[in-house]
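A.B. asks: Sequences listed follow chains A, B and C, in order. The first sequence begins at 0 in numbering that gives the first Met the number 0 and counts up one residue at a time. The second sequence begins at 0 in numbering that gives the first Met the number 0 and counts up one residue at a time. The third sequence begins at 0 in numbering that gives the first Met the number 0 and counts up one residue at a time.
Keep in mind that a hint or two might mislead.
Cut-off 20 Å, straight-line C-alpha distance, at most; resulting in silico cross-link-like pairs (SDA-like, lysine to any residue) [to be verified]:
| # | chain 1 | residue 1 | chain 2 | residue 2 |
| --- | --- | --- | --- | --- |
| 1 | C | Lys-301 | B | Gly-113 |
| 2 | C | Lys-173 | C | Glu-198 |
| 3 | A | Lys-162 | B | Ile-267 |
| 4 | B | Lys-31 | A | Ala-219 |
| 5 | A | Lys-333 | B | Arg-79 |
| 6 | C | Lys-303 | B | Lys-31 |
| 7 | C | Lys-227 | B | Ile-259 |
| 8 | B | Lys-83 | A | Phe-326 |
| 9 | C | Lys-227 | B | Gly-132 |
| 10 | C | Lys-305 | B | Leu-110 |
| 11 | C | Lys-29 | A | Lys-333 |
| 12 | A | Lys-333 | B | Ile-267 |
| 13 | C | Lys-378 | C | Gln-163 |
| 14 | B | Lys-83 | A | Thr-327 |
| 15 | B | Lys-175 | B | Ile-267 |
| 16 | C | Lys-294 | C | Lys-275 |
| 17 | B | Lys-129 | C | Ala-248 |
Far from chain C, some chain A residues (derived; all Cβ distances over 12 Å) [what the hints assert, rightly or not]:
| # | residue |
| --- | --- |
| 18 | Leu-6 |
| 19 | Leu-98 |
| 20 | Thr-235 |
| 21 | Lys-266 |
| 22 | Thr-272 |
Derived coverage of chain B by chain C (criterion: at least 3 residues anywhere in the stretch with Cβ under 8 Å from a Cβ of chain C; other residues may be distant) [stated by the list, open to error]:
| # | segment |
| --- | --- |
| 23 | 2-8 |
| 24 | 114-124 |
| 25 | 134-143 |
| 26 | 213-220 |
| 27 | 261-274 |
For the record, the hints were derived by calculation from the structure and aren't laboratory data. Idealized CB from N, CA, C, for every residue including glycine.
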Amino acid sequence: MLKFKSLKKTTRTAVTSYGIILVAFAIMFPLQQFGLLSNAMAGQLVPICTYIVMAISLNLTVGVLGELSLGHAGFMSVGAFCGAITSSALQEVIPAAPLRLLVAIIIGGIFAGIAGLLVGIPVLRLRGDYLAIVTLAFGEIIRNIINCLYVGVDKRGLHISMKDIASLGMENGRVIINGPQGAVGITRISTFASGIVLILFTLFIVLNLMNSRTGRAITAIRDNRIAAESVGISITKYKLTAFITSSVLAGMAGALYAMNFSTVAAKKFDFNTSILILVFVVLGGMGNITGSIIATTILYMVPEILREFSDYRMLIYAIVLILVMLFTNSAKAKLFRERVFDFVLRRKKNEEEEGVKND
Amino acid sequence: MAFLTNLINGLSLGSVYAIIALGYTMVYGIAKMLNFAHGDVIMVGAYIAYITMSSLGLPSFVAIIFAMIVCTVLGIVIERLAYKPLRQATSLAVLITAIGVSYFLQNAALLIFGSAPVSFRSVVKIPALKLFGGELIVTGESMVTVIACIIIMIALTIFTKKSKMGKAMRAVSEDKGAAELMGINVNVTISATFAIGSALAAIAGVLLCSAYPVLMPTTGSMPGIKAFTAAVFGGIGSIPGAMVGGLLLGVIETFSKFYISTELSDAIVFAVLIIVLLVKPTGILGKKISEKV
Amino acid sequence: MKKLLAILLAACLVFAFAGCGEKTSGDAIKLGGIGPISGAAAVYGQAVQRGAEIAVEEINALDGLKFEFKMQDDEHDAEKSVNAYNSLKDWGMQILVGSVTTQPCIAVSTESNADNIFELTPSASSTDVLGGQPDADGNVTIQRKNNVFQMCFTDPNQGIASAQYIFDQKLGEKIGVIYNSADAYSKGIYQKFMSKAKELGLNVVAEEAFASDDNADFNAQLTAIKAKGADLIFMPIYYTPASLILAQAAQMQYDVDFFGVDGLDGLLGVEGFDTKLAEGVMLLTPFTADAEDEKTQNFVKKYKEKYGEVPNQFAADAYDCVYAIYEACKAQNVTADMSASDICDKLVEQFTKADFKVDGLTGNGMTWSNTGEVSKSPKGMKIENGVYVGL
Numbered sequence: 000m001l002k003f004k005s006l007k008k009t010t011r012t013a014v015t016s017y018g019i020i021l022v023a024f025a026i027m028f029p030l031q032q033f034g035l036l037s038n039a040m041a042g043q044l045v046p047i048c049t050y051i052v053m054a055i056s057l058n059l060t061v062g063v064l065g066e067l068s069l070g071h072a073g074f075m076s077v078g079a080f081c082g083a084i085t086s087s088a089l090q091e092v093i094p095a096a097p098l099r100l101l102v103a104i105i106i107g108g109i110f111a112g113i114a115g116l117l118v119g120i121p122v123l124r125l126r127g128d129y130l131a132i133v134t135l136a137f138g139e140i141i142r143n144i145i146n147c148l149y150v151g152v153d154k155r156g157l158h159i160s161m162k163d164i165a166s167l168g169m170e171n172g173r174v175i176i177n178g179p180q181g182a183v184g185i186t187r188i189s190t191f192a193s194g195i196v197l198i199l200f201t202l203f204i205v206l207n208l209m210n211s212r213t214g215r216a217i218t219a220i221r222d223n224r225i226a227a228e229s230v231g232i233s234i235t236k237y238k239l240t241a242f243i244t245s246s247v248l249a250g251m252a253g254a255l256y257a258m259n260f261s262t263v264a265a266k267k268f269d270f271n272t273s274i275l276i277l278v279f280v281v282l283g284g285m286g287n288i289t290g291s292i293i294a295t296t297i298l299y300m301v302p303e304i305l306r307e308f309s310d311y312r313m314l315i316y317a318i319v320l321i322l323v324m325l326f327t328n329s330a331k332a333k334l335f336r337e338r339v340f341d342f343v344l345r346r347k348k349n350e351e352e353e354g355v356k357n358d
Numbered sequence: 000m001a002f003l004t005n006l007i008n009g010l011s012l013g014s015v016y017a018i019i020a021l022g023y024t025m026v027y028g029i030a031k032m033l034n035f036a037h038g039d040v041i042m043v044g045a046y047i048a049y050i051t052m053s054s055l056g057l058p059s060f061v062a063i064i065f066a067m068i069v070c071t072v073l074g075i076v077i078e079r080l081a082y083k084p085l086r087q088a089t090s091l092a093v094l095i096t097a098i099g100v101s102y103f104l105q106n107a108a109l110l111i112f113g114s115a116p117v118s119f120r121s122v123v124k125i126p127a128l129k130l131f132g133g134e135l136i137v138t139g140e141s142m143v144t145v146i147a148c149i150i151i152m153i154a155l156t157i158f159t160k161k162s163k164m165g166k167a168m169r170a171v172s173e174d175k176g177a178a179e180l181m182g183i184n185v186n187v188t189i190s191a192t193f194a195i196g197s198a199l200a201a202i203a204g205v206l207l208c209s210a211y212p213v214l215m216p217t218t219g220s221m222p223g224i225k226a227f228t229a230a231v232f233g234g235i236g237s238i239p240g241a242m243v244g245g246l247l248l249g250v251i252e253t254f255s256k257f258y259i260s261t262e263l264s265d266a267i268v269f270a271v272l273i274i275v276l277l278v279k280p281t282g283i284l285g286k287k288i289s290e291k292v
Numbered sequence: 000m001k002k003l004l005a006i007l008l009a010a011c012l013v014f015a016f017a018g019c020g021e022k023t024s025g026d027a028i029k030l031g032g033i034g035p036i037s038g039a040a041a042v043y044g045q046a047v048q049r050g051a052e053i054a055v056e057e058i059n060a061l062d063g064l065k066f067e068f069k070m071q072d073d074e075h076d077a078e079k080s081v082n083a084y085n086s087l088k089d090w091g092m093q094i095l096v097g098s099v100t101t102q103p104c105i106a107v108s109t110e111s112n113a114d115n116i117f118e119l120t121p122s123a124s125s126t127d128v129l130g131g132q133p134d135a136d137g138n139v140t141i142q143r144k145n146n147v148f149q150m151c152f153t154d155p156n157q158g159i160a161s162a163q164y165i166f167d168q169k170l171g172e173k174i175g176v177i178y179n180s181a182d183a184y185s186k187g188i189y190q191k192f193m194s195k196a197k198e199l200g201l202n203v204v205a206e207e208a209f210a211s212d213d214n215a216d217f218n219a220q221l222t223a224i225k226a227k228g229a230d231l232i233f234m235p236i237y238y239t240p241a242s243l244i245l246a247q248a249a250q251m252q253y254d255v256d257f258f259g260v261d262g263l264d265g266l267l268g269v270e271g272f273d274t275k276l277a278e279g280v281m282l283l284t285p286f287t288a289d290a291e292d293e294k295t296q297n298f299v300k301k302y303k304e305k306y307g308e309v310p311n312q313f314a315a316d317a318y319d320c321v322y323a324i325y326e327a328c329k330a331q332n333v334t335a336d337m338s339a340s341d342i343c344d345k346l347v348e349q350f351t352k353a354d355f356k357v358d359g360l361t362g363n364g365m366t367w368s369n370t371g372e373v374s375k376s377p378k379g380m381k382i383e384n385g386v387y388v389g390l
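So here's chain A without its partners, still in its complex pose:
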């Protein structure tokens, strides 16, 4: 324990976050393989992985870059639908599910990254709540457009229309995206293992970015933009780097998410989902990657555990959310916590001292 504490802070964060994921995998994977998990738990594994990736990537924008984004689900949406199209279109070309999933996730990430670039260039000129509202607006625009999107595939290739299925003009094809009904008939290829791999990849990217020169520049911009600018850091370049990285990862998470359900609709990725992910990030702590992982896991499971309370479920969830926020952030609660810690520490110290005496 002492050795662990003497490590550098960055190394410590890396060890804990990779550690948590690997330990979770080492415990859950065999249980899942041997069917020892409850169905409810097994069903939540992939969504939890997705939301962890979402939370880590949003933490990059909100915690590390310090810009509030209310439209993160929009990037997830782009990734989800691009991934769904890729996977459906390549069903015959790449029969191996893991490889197809990988291709779908990469394509989803690329398109979400392009969306991130398009949004980022104009948006990052703005600051604070104005930036927040523009990201919110972007998320709603994406949702609205995908609601009117029709995509199908037949032997001649992809068909895209903004009107209806009939105008796709397909011959014996399959509809991939059916307007407001979203993508239907997805083959489920996401697995828990692939989710874990994606989390590890995300951790690798984000932690390395944070500890690199670029990362330090980004944190400098967050802490004092003007000072950062005056020492020659290009604000736009670094902001954009963080923003695009974040959206690429969100897109990948989206693709993973879409491949886990037989259907996915644009409505899922609305303002409420963006907010949900933001809640994970804030509760886990700004810029705290390990915190994001833990908070996501717990908060995702709370409503499922509360199923016993039936009608009162969401009400209790709301109360839990408010209380947790008050407990972790209010001045009085902080004072109370400090006192408790002080007390515990003092006792420990006393014990140690006594132990020394006894020797």
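For this one, chain A is given, so just place chains B and C on it according to the hints.
C.D. replies: Chains B and C alone, transformed into the frame defined by chain A:
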């Protein structure tokens, strides 16, 4: 003629947004927080008015006043219990708490009032105005909403400019610490702001449900988000800005529905918002932020 | 702080594992239900829950088969619906009544198909729920899920029936349509209606959409339809937006006839609704709460006593679902100790039998085909003096 009809519909819709946006803007100006529970206070106000009118059989003006009282109390209670302990915390922490409060209000309403939508009887008894030989019809609801919106905006402007409390509000919004040193009770001022914002939410709820007469526990959330957009549009923190933003948003929404596409109208509204913010980064009537090094 | 979170995590895990221990036991067949109990669509899920509960109570009062019913919330979301399904499986569900809404049901029916659990949905009306149905161009997107059946009409059915009805009865010269493009149900009916209308030569002058479930402002759509001079508006939508359209049409003094589908049922039951607004509205629906027959009256009475409101079509469909399952279980001698998969095979066999007929609230002599669709006939209704009158 369709143009005029749409313009009037847009103004009427925009006025509702404007009244809700006033509540957002006032709270933001003083507490520097996005009160996402504001939309749900509207829903509570509408339910209170509905119950007063249909179950207790009281006249509509009593219902409005009663709704205002309940919402004012609710606003103050929410502020005291959920927001005040977080005065020193980051604005994001308060934002998440506000979202928690929003979930709470919606789900509590679901348990108390039930999930079935109720049909709200309009409180406006003025008959519709027929112009150009019946070609153009202005409904009583539209007239009342627009007029109410203008009166509220003027009253609020005078209140913040002239009254002692209004001046205190402006002082707190400018610099909380300095205001406190000048002997202004910051806690009371913030509570008062929430009280006024929530009372406005009650009026907005009644007017919203008079014009679009369906009421259910989620009624407030979409107008809430739209009004928030309107407040930013006009420059958040600015009272005339909220009014301008609300009206513009309503008109753009109605026109894009009629002339371009009903399905993409939301996308168009938000796209216009983005363009406006790129040209004027702090909204139409927002203050320029000058940065100090 | 971190320690606290870690402890919480541990507690959560313990909770999750605690669920494992439950196994199928007892002498009641476990019926699971999934639908939105909270959120914007809560009214539909709650109606299904209540309708099913009444049916289960009635059946349990009889001798013979016993049911145990448990409803889980999905917030009208596919992801949550799958979670709800999994948690019902942990509970030991043997037969599924659900999901209530279309998109979640598509996701859940894929799961239940893989697990071979019998699924009868009261109200998810898209053909994608069943699978195996070609669209207009002969494209099959989803393979048929053999374990899934519907209690409600499929969307195409309703669209075709409505166009035919309007044509046969010569209800309108110029027809306007308002539909919810963000809703699979509404859009499905709309598309079939349009193709049938074209075939019959109906004059559709305006097609207006709205794109969100919580849209409240229909002035723009109504102004556009009015400008085209439509004398009949076809509304393939649910009653909540319909009540708004009726009120706004009245506000702008637009005198026009309205024609709706089964989603419109429930309109008169809206608390505080001015039934004068609905005067003359026509709809095709399999169920009306003021039907004269004893079965319906009995059901409506019980529902009102228990929940203080008038049941809508969703509640009636759910009630019929439970009875259909009951009849099928009786015919196949299904008992509570059978596995879900065995029950599924028996029920599928029974449901697809030509002589398996169920009399319910939403129709007499209902039968099912291999495609999973129900066959029953909608009744044309007109609202006169605040009550439904058969057309």
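A.B. asks: So, for every hint listed, does it hold in this structure?
C.D. replies: Going down the list of hints, with the structure as the test:
no.: 1; hint: C:Lys-301 - B:Gly-113; in the structure: holds (18 Å)
no.: 2; hint: C:Lys-173 - C:Glu-198; in the structure: holds (16 Å)
no.: 3; hint: A:Lys-162 - B:Ile-267; in the structure: holds (17 Å)
no.: 4; hint: B:Lys-31 - A:Ala-219; in the structure: violated (24 Å)
no.: 5; hint: A:Lys-333 - B:Arg-79; in the structure: holds (18 Å)
no.: 6; hint: C:Lys-303 - B:Lys-31; in the structure: violated (48 Å)
no.: 7; hint: C:Lys-227 - B:Ile-259; in the structure: holds (16 Å)
no.: 8; hint: B:Lys-83 - A:Phe-326; in the structure: holds (13 Å)
no.: 9; hint: C:Lys-227 - B:Gly-132; in the structure: holds (18 Å)
no.: 10; hint: C:Lys-305 - B:Leu-110; in the structure: holds (16 Å)
no.: 11; hint: C:Lys-29 - A:Lys-333; in the structure: violated (48 Å)
no.: 12; hint: A:Lys-333 - B:Ile-267; in the structure: violated (45 Å)
no.: 13; hint: C:Lys-378 - C:Gln-163; in the structure: holds (13 Å)
no.: 14; hint: B:Lys-83 - A:Thr-327; in the structure: holds (14 Å)
no.: 15; hint: B:Lys-175 - B:Ile-267; in the structure: violated (38 Å)
no.: 16; hint: C:Lys-294 - C:Lys-275; in the structure: violated (28 Å)
no.: 17; hint: B:Lys-129 - C:Ala-248; in the structure: holds (15 Å)
no.: 18; hint: Leu-6; in the structure: holds (16 Å)
no.: 19; hint: Leu-98; in the structure: holds (22 Å)
no.: 20; hint: Thr-235; in the structure: holds (35 Å)
no.: 21; hint: Lys-266; in the structure: violated (7 Å)
no.: 22; hint: Thr-272; in the structure: violated (9 Å)
no.: 23; hint: 2-8; in the structure: holds (count 3)
no.: 24; hint: 114-124; in the structure: holds (count 7)
no.: 25; hint: 134-143; in the structure: holds (count 3)
no.: 26; hint: 213-220; in the structure: holds (count 6)
no.: 27; hint: 261-274; in the structure: holds (count 5)
Hints 4, 6, 11, 12, 15, 16, 21, 22 from the earlier list are contradicted by this structure; the remaining hints agree with it.
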